[in-house]
Amino acid sequence: MLCLAGYSLYKTYTDIGQEIRVLKGTNLEVECGDFVCITGKSGCGKSTLLHILGLLDEPDSGKVFIKGEEVSTHHPLANQIRNQQIGFVFQFHYLIDDLNARENIVLPMLIAGANKSVAFQKADELLLLLELSDRAQHYPNQLSGGEQQRLALARALINHPHIVLADEPTGNLDPQHSAEIWNLLQRLNRELGQTFVIVTHDPELAKLAHKSYELKDGQLI
Amino acid sequence: MNPAEKLFLERYIQSPKKHLWRFSFLFMVLGIVISVGILSTALNLFEGYEHALRSVLLDSFAHIRIEHINGNLLPDTLISSTLQKLDTRPEIDSATPLLTTNLMASNGTKARGIIFNAYDVHFANKVNYAKYVKEGTAQLAKGNIIVGKYLAKELGLSLGDTLKVFYPRLDNITPLGLYPVETPLIITGIYHSGFYEYDRTLIIGTLQDARILSGIKDGFSCLEIRLKNNFTEDINLYAEEYDKMMDSELVALPTTNTTLLRLVKMQKWLIFIVFFFLVIISGINIISGISTQIYDKKNEIAVLKALGAPKSTIRHILGYQVTLLCLIAIILGLILGFIASWLIVHQNIYQLKGEVYFIDKLALYVAPLNQILIFFLASLLVFLCVQIPLRRIDKMQVIDLLRNP
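Heads up: the protein sequence lines correspond to chains A and B, in order.
For what it's worth, the working numbering labels the leading residue of the first sequence as 1, then goes sequentially.
For what it's worth, the working numbering labels the leading residue of the second sequence as 1001, then goes sequentially.
Here are the simulated DSBU-like cross-link-like pairs (lysine-lysine), alpha carbons at most 35 Å apart as the crow flies: (1) A:K63 - B:K1395; (2) A:K122 - B:K1311; (3) B:K1298 - A:K63; (4) B:K1297 - A:K116; (5) B:K1006 - A:K122; (6) A:K67 - B:K1311; (7) A:K122 - B:K1297; (8) A:K24 - B:K1311; (9) A:K216 - B:K1395; (10) B:K1298 - A:K41; (11) A:K63 - B:K1297; (12) A:K116 - B:K1298; (13) A:K24 - B:K1395; (14) A:K41 - B:K1395; (15) B:K1311 - A:K116; (16) B:K1298 - A:K24; (17) A:K216 - B:K1298; (18) B:K1006 - A:K116; (19) A:K67 - B:K1297; (20) A:K116 - B:K1395; (21) B:K1017 - A:K116; (22) B:K1298 - A:K67.
Hints are computed from structural coordinates only; laboratory data are not their basis.
Let's have the full structure, built from the sequences with the hints guiding it.
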């Protein structure tokens, strides 16, 4: 079953009067349980594609489907879709500095209106799964880069999204922490059947995915 | 309230030092504390002034005077019949016949015009001056007087000294003109009501001495009426009533300067409006503080948007932080206002000029209603100033925030 799909996606940026066409009719289909990597040169539009698929950005034209339903940033339930059907992991962890690890994880669930105690129970399970239980009360600035990224991953997973979109999740980490995160993503895909679409500039890591695409001249090949 | 908003609010309240305090908020908080403090100080002092003036005006003066319509003296028979008419009135605390006359007083080379008041001894237990006699005794005997504090000071006199009192007698004409009567009187009491003009001109003596000095053998200048405390708000009303029930030759006049009290009250609110502008100016700091906060937190705003938080939730999360801080600042401002006004009242550096302000001492009165009003209006201003910049969040595009971290 198709979990996520994007068809005929076009996107053009205007920079100092010059038009840069980054997506030229890009198509992508992601099956549920897939582990998909998208590679490409810097500035080729990988992140733009991910943002469009995650309803963070609007394509000039083209359509995005999640579980068969057409969605867009203008969808009346766009916030709800982002909250419950999509999980995001960014290159920079973007954790909330004022909240500790446990509170950061529960945030999407609380935004959805969930009961606080249920949300924290779920957060504790994720902390255990991601081997961060001893860091539950730590604030983001008290965690290492790898731990911060694992925390961001736990936050992305708490609402059981259909798909997790990760934009260079290891781009800011040293090789050791980078390998840790990749192993974790693969484990979550394997054990929980979680669908991942991951953007990376590293072709070697992309080889570990079920499916790997390269974005070149605005097309996935 | 969304559970996410509640989580942030709980964190702000549980650990305000960690979650509310930012250096960028310093000037915002200082602005509110100082402006609210100044406003509160001004209002506390002016309220104190109004209360002190009101108390002095109502307490040290008779409230209504019944006089002859032509300014003639009131014969004893008319006084008696008038007192009988007033006897059943429940609002009247005391009605005392008074003989008052303008005299000249001197001590050596120093001389001053004075008012000599003498009350009928039969009613002496009902006159109000006794409680303002701060030195000496309020009991008067022939040849003794009670002198206003500032009059004694200006003439260089104190208890036990002799004051010479002069009165030009129209029935004592000499080839050199009117020959004044000169009587030495001993000061046995110093009067200090707090009302400057009264304390500077008043002498209270016996009726016997007043009759000798003025040459008036019978009758009184007027009948002084004091109302009970509960009825002092309606002095003018009662004066009108008495005016109607008296003989046609008598007139009842309110003596309390209600216009002055109204003027003071109006001044108080004018001061409130003027100083509230300071609070409004501090509101600009709030807008600036929030704008800085939005800029500092743009990554968090982006993440919250990416996590599907509605715009209102993001506005609330940031708004609660600054609003809470501002509310704390307002309370601190009110405390500062109280401390500052207390210090101003209890210091000995600045004294009110009695000839300008009628009373000679600053007073502090913290009216709960004023504090509530300041808190409510300042909170309303804070709420508005917080909302204005927060609207920017609605226009912020998550993708712009993520591309330009």
